[in-house]
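Novice: Below, each chain spelled out in residue letters.
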Amino acid sequence: MRKLILKNHQSPGDILMLTATVRDLHASYPGEFLTDVRTSVDQLWQHNPLITPLREDDPEVTAVRCNYPLIHRSNESPYHFVQSFTEYLNDKLSLQITPQKCAGDVYLHQQEKRWISQVQERTRKEIPFWVIAAGGKYDFTAKWWASDRYQQVVDHFYGKIQFVQVGELHHYHPPLRGVIDLRGLTDVRQLVRLVYHSRGVVCGVTFLMHLAAAVETKAGTGQTRPCIVIAGGREPPQWEAYPHHQFLHTVGALSCCETGGCWKARTLPLGDGSEKDLPRNLCLNVVQGMPRCMHMISAEEVIRSIQMYFEGGRLAYLTREEFCAAQPTIRQPIAQSFAM
Amino acid sequence: MRRVILNCDHSASTIVMLTAAVRDLHSSCPGQFQTDVCARYPELWRHNPHITRLDPRDPGVEQIDCNSPLTQRSAHPPFHFIHGFLRNLGSLLKVEIKPTLFRGDLHLSQQEKSWMSQVQELTGAEIPFWVVSAGGTFEKTIKWWEQERFQVVVDAFRDRILFVQVGARGDHHPELSGVVDLRGKTDLRQLIRLIHHAQGVLCPLNLLMHLSSAVETKHNSPNRACVVIAGGGQSTQWQRYPTHQFLHTIGALTCCDTARCGRHRTRSMGDGSPSDSADKICVDVVGNLPHCMDTIGAPDVIRSIQRYFDGGLLNYLSANEIEVARRTIAGSAGLSWSMLGLREQPAFVPQDHL
Chain A
1 MRKLILKNHQ SPGDILMLTA TVRDLHASYP GEFLTDVRTS VDQLWQHNPL ITPLREDDPE
61 VTAVRCNYPL IHRSNESPYH FVQSFTEYLN DKLSLQITPQ KCAGDVYLHQ QEKRWISQVQ
121 ERTRKEIPFW VIAAGGKYDF TAKWWASDRY QQVVDHFYGK IQFVQVGELH HYHPPLRGVI
181 DLRGLTDVRQ LVRLVYHSRG VVCGVTFLMH LAAAVETKAG TGQTRPCIVI AGGREPPQWE
241 AYPHHQFLHT VGALSCCETG GCWKARTLPL GDGSEKDLPR NLCLNVVQGM PRCMHMISAE
301 EVIRSIQMYF EGGRLAYLTR EEFCAAQPTI RQPIAQSFAM
Chain B
1 MRRVILNCDH SASTIVMLTA AVRDLHSSCP GQFQTDVCAR YPELWRHNPH ITRLDPRDPG
61 VEQIDCNSPL TQRSAHPPFH FIHGFLRNLG SLLKVEIKPT LFRGDLHLSQ QEKSWMSQVQ
121 ELTGAEIPFW VVSAGGTFEK TIKWWEQERF QVVVDAFRDR ILFVQVGARG DHHPELSGVV
181 DLRGKTDLRQ LIRLIHHAQG VLCPLNLLMH LSSAVETKHN SPNRACVVIA GGGQSTQWQR
241 YPTHQFLHTI GALTCCDTAR CGRHRTRSMG DGSPSDSADK ICVDVVGNLP HCMDTIGAPD
301 VIRSIQRYFD GGLLNYLSAN EIEVARRTIA GSAGLSWSML GLREQPAFVP QDHL
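Going line by line, the protein sequences match chains A and B. Mapping of the first sequence onto this note's numbering: residues 1 to 340, in sequence order. Mapping of the second sequence onto this note's numbering: residues 1 to 354, in sequence order.
Source of the hints: derived by calculation from the structure; they are not laboratory data. Incorrect hints may appear among the rest.
Unchecked claim - Cβ-to-Cβ under 8 Å is the rule here; a few derived chain A residues that face chain B:
hint : residue
1    : LYS101
2    : LYS218
3    : THR221
4    : GLY222
5    : MET308
Stated by the list, open to error - With beta-carbon atoms standing in for the labels, derived distance ranges:
hint : chain 1 : residue 1 : chain 2 : residue 2 : range
6    : A       : LEU169    : B       : THR258    : 30 to 36 Å
7    : B       : GLY270    : A       : THR319    : 49 to 55 Å
8    : B       : PRO274    : A       : PRO279    : 56 to 62 Å
Please read all numbers here as calculations on a predicted model, not as lab measurements. Heads up, the beta-carbon is just placed ideally off N, CA and C, and yes, glycines get one too.
Start from the sequences and build out the full structure, keeping to the hints where you can.
Specialist: What follows is the structure, encoded as structure tokens:
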């Protein structure tokens with residue numbers, strides 16, 4: 001049996017893709033590998049039955065620093081991000097791993113599933129909710145959509161959908177009104193569990209989008225989780241979009257993303273000395289402080305995409321009791337707590 | 001050099017995918033193969049530089065039956081239709097074929113490209129147009145969207161976009177008003193050339209969608225605008241092209257919660273077709289449409305078309321073009337399909353006979 005240690009220290013979204021590769025490796029070569037990982041996000045591997053503790057000084061162990069050069073062909077080739085590390089391992093180790101599923105592979109322990117959600121801790125009653133991320137990292141401001149548009153979406157569904165806002169403390173996540181505010185209050189594992197309990201997700205192209213596809217749904221809520229992704233033209237849809245998500249993109253509609261994603265980092269320079277501020281990394285077409293591709297996606301379109309899941313009959317809006325249960329937990333933010 | 005004849009007896013859409021596999025075979029194994037095809041729809045292979053006429057009686061020629069077993073597993077893995085033949089062919093030929101481009105591989109000769117379009121034959125001037133397919137085959141009625149909604153879309157762009165309606169004779173393609181009517185007037189090669197000239201395409205999941213990606217654009221722009229009214233019948237990752245606006249409901253209804261429903265007809269037609277068996281009939285019908293198709297409104301389609309114009313890549317008709325379009329539509333109405341049924345074939349003669 002071959003022993004592998006797979007290494008990667010990139011972002012959580014990347015690590016989530018590596019979970020898929022490990023799953024598909026074992027599915028393609030059952031009983032032939034023992035696998036362990038060294039990554040930047042240990043919490044994504046908790047309870048993963050495909051992980052066996054291995055020592056790097058074990059002479060039988062092969063350590064592989066995992067990359068995904070496939071991204072350089074992502075605009076023109078028919079690959080999803082979920083295949084990225086798989087293709088790399090296939091090339092590196094002369095394997096033929098076949099992708100099984102268009103999603104990462106995250107496991108929750110039975111005990112974790114029994115725990116009440118962070119939302120229920122506040123509402124005291126189990127209510128359906130959607131998770132919303134209305135911002136992102138400063139490295140990639142080109143992914144941001146306008147806060148007031150997120151607010152329009154939230155306002156439109158007032159009394160019908162309870163949104164729970166999340167976001168990492170040191171990232172840009174302007175506060176929304178009428179939401180349960182969990183910004184800065186979830187580590188990765190807590191976010192995984194929050195997504196598990198959620199009925200749907202609204203976000204840009206972020207880790208949350210990948211989690212929406214990778215984390216199993218709660219019993220009785222359908223087999224897939226609704227997710228609206230406000231994507232614009234930064235990434236090619238075939239690389240990022242999950243089959244059951246509504247992925248709102250503009251690839252093919254603007255000259256700057258006519259043939260695929262532009263992969264630009266920032267809308268405008270932030271003056272922080274980062275290489276993301278270099279002209280080659282800046283959006284070429286800015287409208288009202290937003291990349292034009294993001295500007296073209298209206299709040300109405302996002303609202304419409306959310307509605308589609310309800311019109312389809314899979315989901316029901318909040319009952320009056322559920323709405324009332326949420327009210328005491330909703331805080332009207334006073335001010336932006338971490339300014340841009 | 002290995003010489004291979006590829007046998008394939010699939011639909012035209014599927015053959016378009018085979019053209020991609022042949023392109024990628026030669027790209028992955030340059031100089032190692034001579035390839036010929038024995039397939040339906042030879043129009044799809046014309047002027048293809050990867051095709052060499054081979055003698056099937058030559059003992060040195062390998063014969064390969066091409067299939068896409070991946071189609072049966074298309075619901076969940078992250079594969080596009082384009083992978084179907086690619087993987088199968090690679091396995092049969094014992095070579096690794098890497099996909100290169102996200103599109104089929106159709107070729108037009110320089111002469112074909114120099115010809116004016118069927119639309120220009122009618123308009124007398126070159127003006128931009130979109131091709132619309134407002135129906136489909138009777139075997140897959142589940143792909144149909146409502147005629148009235150197509151009409152709302154066409155009306156919304158009156159004097160801004162010239163729509164040209166196409167559709168095979170014998171299939172269901174209800175007449176739209178305010179369009180140039182080329183239903184029943186394009187053979188496959190003519191359709192390819194029409195797409196070559198088209199600025200955009202509006203269609204359900206059908207050959208037209210694949211052609212809109214596979215056929216090169218007239219002015220060398222890298223892509224052609226295309227809005228696909230898909231519903232929940234097919235898996236998105238299996239069908240969607242990157243630069244298309246693909247309107248789907250996968251994940252929104254219980255019948256397509258995780259993936260395509262794989263059904264064929266909205267209602268039974270009582271014709272004894274395999275598509276009429278109970279397991280092929282839609283389980284959630286609203287009015288005359290599958291619920292998934294009913295969920296997609298005309299405003300959704302209008303917004304998706306507008307996106308290409310809002311982005312600045314396309315322009316609406318100019319004042320002069322509007323006049324030409326109006327005149328042509330009025331003239332085209334005189335040759336409507338319903339009238340064609342009452343008299344001889346119209347005086348339309350294809351300009352070429354390849």
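Novice: Against each hint, give a clear statement of whether it holds in the structure.
Specialist: A quick look at each hint next to the structure:
1. LYS101: Since chain B brings a Cβ to about 5 Å from A/LYS101, closer than 8 Å, the hint holds.
2. LYS218: Constraint on A/LYS218 not satisfied, violated at 14 Å.
3. THR221: violated (10 Å)
4. GLY222: Holds, about 5 Å.
5. MET308: holds (5 Å)
6. A/LEU169 / B/THR258: 30 to 36 Å: holds (35 Å)
7. B/GLY270 / A/THR319: 49 to 55 Å: For B/GLY270 and A/THR319 the Cβ distance comes to about 43 Å; the hint is violated.
8. B/PRO274 / A/PRO279: 56 to 62 Å: holds (59 Å)
Of the numbered hints stated above, those contradicted by the structure are hints 2, 3, 7, listed in ascending order.
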